[in-house]
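> Protein sequences, first through last, are from chains A and B. Using the working numbering, you'd call the opening residue of the first sequence number 1 and step up by one each time. Using the working numbering, you'd call the opening residue of the second sequence number 618 and step up by one each time.
Derived from the structure by calculation, the hints contain no laboratory data. All C-beta atoms in this analysis are idealised placements derived from N, C-alpha and C, irrespective of residue type, glycine included. Check each hint, because a few of them may be wrong.
[Claimed, not checked] Only part of the chain B face toward chain A is listed, based on derived beta-carbon distances under 7 angstroms:
1) 775
2) 862
3) 1030
4) 1068
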Amino acid sequence: MVTTRATDEDRTDRSAVRTLLRLWPYVRPVRLRLFTAAFVAILASCLALVIPLVLKWMVDGPVADRDPAGVWLGALCLLLLGFAEALLFGLRRWLVARPLAGVEAAMRADLYRHLQRLPVAFHDRWASGQLLSRGTTDLMLLRMFLAFPLTFLLVNGVTILVGVIIMLLQDWTLGLVILIPAVPVMVTCVIFERRYAAVARRAQDQVGDLTTVVEESVLGIRIIKGFGRHRSQARAFKELSRTLRGTELRKARLLATIWGVIVTLPELAIGAALVLGTVQVADGELSAGTLVAFLSTALALRWPVDSIGFLLAMSQEAATATERYFEVMDETPETEASQRGAGLDRCAAPPRGVTSPHKPAAENDGIRFNDGIRFHEVSFRYPDAPADSPSALVRIDLHVRPGESMALVGATGSGKTTLTALVPRLHEVTSGRITLDGADITAMSREQLRSLVAVAFEEPTLFSASVADNVLMGASDGAGEPELERALGVAQADFAHALPHGTGTQVGEQGLSLSGGQRQRLALARAVVGRPRFLVLDDPLSALDVHTEAAVEAALREVLADTTALIVAHRPSTVLLADRVALLSGGRIAAVGTHHELLRTNAEYAHLMAGTEEADR
Amino acid sequence: MTATTTAPGKEQPAEEPESRRPDDPFDQDVLPTPPGATAALLRSLLAPMKARVAVTTLLLLLQQAAVQAGPLLVAYAIDSAVPAFRRDDLGPLIAVAVGYLLCALASGILQYAFILLSARVNQDVLLDLRGRIFRHAQALSVDFHERYTSGRLISRSTTDVESLRELLDEGLQELVTVILSFVYISAMLLWLDLGLGAVAMASFVPLYLLVRLYRRRAARVYTLRSTAIAAVIVKFVETMNGIRPVRAFRREAANDADFRVLNTRHERTNGDALLEMARYVVGSRLVANTAVAGIVLWGAYRVAGGTLALGVLAAAVLYLRRLYDPIDRLGMFLNSYQSAAASLEKIAGLLAQTPSVPEPKSPRRLPALASEHPGREVVFDGVRFGYRTGGEVLPRFDLTIPAGQTVAVVGSTGAGKSTLAKLLARFYDASDGRVLLDGVDLRELAVPELRRGVVMVTQEAFLFSGTVAENIAIGRPDATREEIEQAAKAIGAHDFISSLPDGYDTDVRKRGGRISAGQRQLVAFARALLADPAVLILDEATSSLDIPGERAVQRAMSTVLNGRTAVVIAHRLSTVEIADRVLVMEHGRIVEDGTPAELVAGTGRFADLHRAWRDSLA
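For reference, chain A alone in the conformation it holds in the complex:
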């Protein structure tokens, strides 16, 4: 799993184009609208160029001839052209408004869909803020790119071409004078925009750093206050925000230079054309109307010329955004069936997203007999672990008999949580295999596997939904009030009824904030509500006080009587829930037995459970 990132230096305009071409699949459905809109925009721009010609005609014709009817006709033409221009510009926006919002939404939905299906190891590596900025700012940039630069690079190109032709036709010397600054302006823009893009990217990174400090100072507020460190935090923040200010000012300097050039050079050319034109008019080589028309056209072309620079800059940014987007989209999602060695004899992976009523083929060779959970020589190392570090788990052989509860005990950092994450395939074993009732977990679909195994995590996460929804998440679709009540009862989570809206109360980031102990009990209720065949509990009672813990244990005992369970435990009281105990030491299973056996025979275990000093450390 290697992520290759293109370095900023070797990115050329050509590759920016190639990057942007990757957007085609999303643009394809709206291509007709987009092309029509571009065509309409070209039409509108050209209409705007016709207006000075009408002016010329009026000045040189009816005005000079004192012909009132001609003046009326000219004004009517202007009015009609003006209306047409306004409506066409509106039409362009109307044509693309909904489709482009649609493209943005489609890309966001795809990103979300894809991210949900990427391996957990991916999410370990990527901060959610990084993913979020791809789903929001980057996509917004892309929508703007499709709406403006993509269309207007074309439109302005055509407009400039037409305008220049018109000017050259009117008076080729003046036309050439006007054209002189076009090249230096564009070159300056391209050069400075590229530098600007680099500085802008640096500013973006510094904003990210600043955000990190803000985030941490909020999340770690108790530590900062507890140690009276808010002054040093403020200092760090100040330093970073000063650096950011410096970068922003550098950005402003570049911007000021670009604008200085953009404002001055064309203005100089227009001035030169004016002087030259005046001489020509005086000599009678040029009509006054032509000069007026010429200068109007020159003015009308100023924006298209000026804008090339920032349109290119926006395109560059859009290319970066596209790259960032596909950086994530190119990660391979979890595939349905095993890729390791299992071969073709098992079953072909059902295509992603198929919601057919057929059961996955794997179920046919699925549960054959009651066998419980079995680890066969399971080894695991994190995909991103440094090459020289030891594996997290080494050749684990463990059998949890059907209906049996097995406690998993080990010192801090011995790999208990890692081991439990392998059962629902949140991580994939590096070698060896795990079977549930005889069926290899890699042979069944994740959907099926995870409907068999219910998990309560050490970090109890509730989603923005009602208490009932959060708990019933763990049950099959038909479950309702009775199941909910039972689960809340087991987890001693009856406090839910006393919440403002009972079990309908919204919790999570958007709702009522609950204490750690309350969240843990709801997470436990979620794990037991579906009466799963297999239950994995990762230190499920750590945040409970002694009184509640005792009550939960009493209720859990009944649930565990007929469930095959793996329970990570730190405390004798939790261990006593289990029939047997496995001792995990340095990523290996060191001993298996009942609590009392191990307490007597295994020094490390006695040390872990009673804190006795026999274990010579």
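Got chain A; can you put chain B on it based on the hints?
Just chain B, lined up with the frame of chain A:
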């Protein structure tokens, strides 16, 4: 959202004083903002920049003057320079040439200077605002942070500041340019020809009405859109942060469906906003182009009639095109203004919160230690605590903890143990009564002095980005590497830290830096050990430790921290064993108080629990 539908006065579960009340103002995203606070904030941000803002405005005035002089020179060229040239008088033509050259250079240079200076002003305003939000958030007490979710606080100092930045960077300059060019051009037109100028000014009326209409409609659409994107963001972040339960409980498809609803809503409002802009563009262009046609008609008529010079008409037409060009940009300005105003109001609401735990104006110092013991005496003198919104958590009580004593506090969730600890750490201030440290009221101690006196370690062991060593050094920033390692060794954290890829220099946020919940708690302890306070409070600080880890902590407390006063809140009875004294709390009251031996021997709840626990070890 949830708050509005709640019947007022609905009873709050007695067990959970810490959960947010349904009628709590913190349920809303916008804190109650005193009227005028937003304007006052803006004023106070700009006040120190007065001089520079004035200079910036002057630059812009001059720059506009230079830019808008062009058509005037055109008029002069056609009406004066052409006839003069025909008389072989080159003067006016040279004047035109020089004038245009100067205008071009001046407008370029002034533009450059303006951008630089205004960027400086903007960045200083932002620096100031960012600093204020940060310092204020840090100064607000822990109970505020417990109610105002971290997500909201973070978006105050990120996205809300960002939208102000957009307004300052793009919007304000646009607005000023638009207004200035309106004024200039109108003046020029009026000067060139009163009649033509008056017609152009008349077109401002429908334009103004249009802008007002757009502003009203856009405000609605943009509010809907920002609400829609906020919902998308929340769903997105929640899914990614909770990816393990999402996977384990097979929520992918359900989430896709939920997300589709939110995403579609955003798509619709997004389209609405774009269409609103399209309507505005059509409307403003129609008005502008009609006005141009009307003015040209009248002007041409008069030129034909000989009452208007041709050059004046040409200049008027050139001005008119410039006059109506910035109208589109006015629309964009209104957009950024809309969102910046909303953001600024939220920020003003946050800044208007007064810290409920203020620093003392004239701090006192702690007396010198009475004996060679490093501990200090703690006295709760007639202390009562309730939330400002009502609901008593701790009824009035007195408690004295002699210097050097280790006190364990036990009791069920919501019994008030944590509140007691937070009062002692001065995370909260008592509603009535005083908390004294060696006879000095905690409220009279400056923060550094207070933290030499009292340090609290909580259950949630948050690690800051940086190395493990840096995280431990938070306890005492000037500690040497040796002292850091000493602290880690004392707490039993040295072994696991050494086994990390870069040992003490491992970055906790980088690859390979996986640190379990228990290990994080050990780091938190090492921090406290390094801080070496007179009073140490442990609030369920051992919940994720295994028993040897807990023992190591206890050993450290009896050796390294020997003689310190300690308050230990524990769920585990094993923690209680080392205590000199045990307090059992229930419903905010201390119901049992004695040595562990006394309580075990007694008949209270503690005795029952202790018996059950001993049995589990047998």
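> Give a verdict on every hint.
For each hint, the structure was consulted:
{"no.": "1", "hint": "775", "in the structure": "holds (5 angstroms)"}
{"no.": "2", "hint": "862", "in the structure": "holds (5 angstroms)"}
{"no.": "3", "hint": "1030", "in the structure": "holds (5 angstroms)"}
{"no.": "4", "hint": "1068", "in the structure": "holds (3 angstroms)"}
Of the numbered hints listed earlier, not one is contradicted by the structure.
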